[in-house]
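Chemist: Below are the chains, spelled out letter by letter.
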Amino acid sequence: MKCRNVKTETLGKLVTASRNFLVLVAFFSLPLAAVAATPHHITIALSNTSEAVNWYEEHMDCQTITGRDNAVSCGTAEIEFLLGATVGGSQGTGVDHIGFSVTDLDAKMNELENVGVQGSGVRLLRFDDGSLVRDIPGLFKIAFIFDPWGTKIELVQDADLLGFHHIHLNSVDPVASLDWYRQVFGGEAGSLKGMLDGVQFGDIWLLATEYTDGRPGITQGRAIDHIGFEVADLDEATVQMNRLAVEFQQEPIVPDNARSSAKQAFIRGPDGVLIAVVEPGWAGVEEEVFIADTSESTELYVPPQTPWGEPDLQGIWTADAAHGIPLQRGIDVAGTDELTPEEAAARRERGTLNSIWGYDREWRDTTLGYVKSAPSTQVAMVIEPSNGQLPETTAAYKEVVANRAPRIPPQRARTPVDLGTYVRCITRGPVGMMMPSIYNNGLQIIQSPGNVAIQKEMIHETRIISTEPREGFGEGLKTWLGDSHGRWEGNTLVVEVRNLNGRTSYLGSSEEMKLTQRFTRTGPNTMEYQFTVDDPAVWTEPWTGMFTFVKDDSQYELVEYACHEGNYGMTNTLSAARAIDAREAEAAAND
Amino acid sequence: MVTRFKTAINTLASALVALILTGNAVLAQPTNNYEPELAWDGNPDLNGIWQAIGTAHWDLQDHEASAGLPEMGAIGAVPPGQGVVVGGEIPYQDWALEQKQENWANRLGADPETKCYLPGVPRATYLPYPFQILQGTGKIMIVYGYAEANRTIHMDKETPEAAPLDTWMGRSHGRWEGSTLVVDAQDFNGEAWFDRAGNFASSSLKVTERYTPISPDAMMYEATIEDPAVFTRSWQISMPLYRRLETNARVVEYKCVEFSEEILYGHLMKKAEE
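Those sequence lines, one after another, are chains G and V.
FYI, our numbering numbers position 394 of the first sequence as 398, with every residue one higher than the one before it.
FYI, our numbering numbers position 139 of the second sequence as 143, with every residue one higher than the one before it.
Simulated from the structure, these hints should not be mistaken for lab results.
From the three backbone atoms N, C-alpha and C, an ideal C-beta is built for every residue, glycine too.
Please note that the accuracy of each hint is not assured.
Stated by the list, open to error - Far from chain V, by Cβ distances over 10 Å, these chain G residues were calculated:
| id | residue |
| --- | --- |
| 1 | ARG272 |
| 2 | GLU290 |
| 3 | GLU516 |
What the hints assert, rightly or not - FRET-style restraints, in silico, Cβ to Cβ:
| id | chain 1 | residue 1 | chain 2 | residue 2 | range |
| --- | --- | --- | --- | --- | --- |
| 4 | G | GLN559 | V | GLU181 | 55 to 63 Å |
| 5 | G | GLU545 | V | GLY270 | 38 to 46 Å |
| 6 | V | GLU181 | G | ARG408 | 53 to 61 Å |
| 7 | V | GLY270 | G | ALA409 | 23 to 31 Å |
| 8 | V | ALA166 | G | ASP341 | 42 to 50 Å |
| 9 | V | GLU262 | G | GLY142 | 56 to 64 Å |
| 10 | V | ALA166 | G | SER558 | 41 to 49 Å |
| 11 | V | ALA109 | G | GLU388 | 34 to 42 Å |
Stated by the list, open to error - Covered stretches of chain V, going by a simulated chain G footprint (3 or more residues, C-beta under 8 Å):
| id | segment |
| --- | --- |
| 12 | 44 to 52 |
| 13 | 62 to 73 |
| 14 | 129 to 141 |
| 15 | 168 to 181 |
| 16 | 240 to 247 |
Could you build the full structure based on these sequences and the hints that come with them?
Modeler: Laid out in structure tokens, this is it:
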């Protein structure tokens, strides 16, 4: 009832913003005569703002905003993206999803289905009957999708309001919740198509569904980190909100990294919704830029020693910084030896999105801001040959490739063997196991005198490398990861891997492969890893790759990855393949 | 009396040695007067490759010989063995005893070991595979021969930290009491068994392990098992662990996943075309 006092002629804007995240912020501009505040922005947390700007521009018809590389304008709302860590998608939080309206929903969904889920793709939510679009009599057609960062989006076909359409809350008490927004920010209570109660700010609807599964999740830290409202005078609005006993998380301030002199406050709404309240002119904050650890001068750095006098490699390391570095130099980086930090960040994001899109964002170490290290600016892993390309393959190998039986696709897998050793949770192989991935990039090293144990989080594999000369395995004993012979060359741990069983292959490597690995600490928090593959059956000369592990003891701990024990994917893939077999057999029988 | 007195003096002496070397007070170990070789940190040197010998992996308790899969002949049979449970009895609650018997009846498909699943604690210790201990800085790592199982024992936490989630191998915090490495292991997921006889615990299991060197090439392994959801009281197992003395002894990687796939996925595999 006090809403009028908050500011009658202001534009209501929905804002989502937070310190460390890429957040979706929708700013809503209202007609002047409207009520108090206007929804201003929605803030989506993610790991690379330019990808997100492109995505919303391409798929949601939003517009870039001049001078702001981390926000888009979608009709009367703004969406702001903040870099950083999130712990999950928007679904199930106080702000479950946002809605966009299109003129032809069937055509739109058809278009999105063709985009696919790879890369910065689109994940479609199917209804129980398998359909993508549902027509709600008296309302309109609806469909749900997810953006690559876990934001749930409802697409509707509402000819009365195209573009940004609504914000949908989860609430233990929808009536009370909507009333709270109306009291604090103004807006007009109403009913969408006479069917859904909500509060309308300008064109945009704020809707609420009763949440029956306990309490909705707190938005902060999730894909929709917060929503934002704009008020004409934040000081005056603060007085008013205090009168309404609104809980402040942050008193009005101009953030250090703000792009304008407009102030921002954070308040706590009902059902765990974080709400930013901003003044006119609010233009978001500058992204927090990770500072690269550039201490790569190998000459100067003297690594610590263990108490017993060997170079000390112990600790938790991750390959997260290296995620996205291509093995070979691409033609797009022909003229450079190093990417800019921005290019590196964009590349890592692409690498992450391209690897396994089907995994929700919380799986991905590299998108979540768990990572404290800057993405590597290295152009390629291959450092030898110096052109960054793998050497020519041998004539014999080319013949092998030409005559190789085509790979059986997963949906036709007869047995687990058809699915490969990684999917079977056996191993990624001696070369592959060290490679950066989208998750489980942790590497723990523990040493005892004369021994170095290297434990990889992915799949969970541990190699114990003796650094003293010793008798190796005999010829009759070969294993997946081989017999590791180590030695110290200065401060470098050199490991020669022998007795490989050759049952895994890295880019075609054969069982003749000799693998030599070198681990060198190059700074307090950096360890250079080189691997040389000498496989004359496949490549005409040896080649060497390199990337850097970054130490992360303060926050990272290897958590048991019981890969095989939880391999539901194997069961599901094989049962799907058998279902396809049965369907085909039935069709054949009917012919 | 005289013997006891001597032991006390020896223990005191080793306690003083430990005190001098580490600056920490240590508790006496009345059962053992062996003075172990010390590692770089002044604590007993447990580095090396160890293995249990016996039949505890078949059954923690006394057991007679019994038949295995007929097609395996005598190779598949269960050899007889003496139990390692102190006092002989595992004090199951009534329901849990029934569960144990059910586990035994269904063991071929139900034992996590047949599926190459992680072994849990204490089972990892006395499976018939070697394991290697590395005494590092602030951490001790145990790498087991079976199924790539491993544990990091945190020696550097002043107060134990809860695991972020329950796991097969749990979370381990260790400390030295005299010449004994004491490890508290908990935060298990309750899926692991203790042996091939179906002995088991729940996710409220807590295992307190004691590793005490008794000669250059052997140490005593004692584990106290507490699980109020399954047992009526705590109980203990005790067995020696032996150093592998082959000059080229190694923990050889044993990835058993592929040998479990028929059991797990056989019903989903495409049979060869006839």
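Chemist: Which of the numbered hints above does this structure break?
Modeler: 4, 10, 11, 13 and 16
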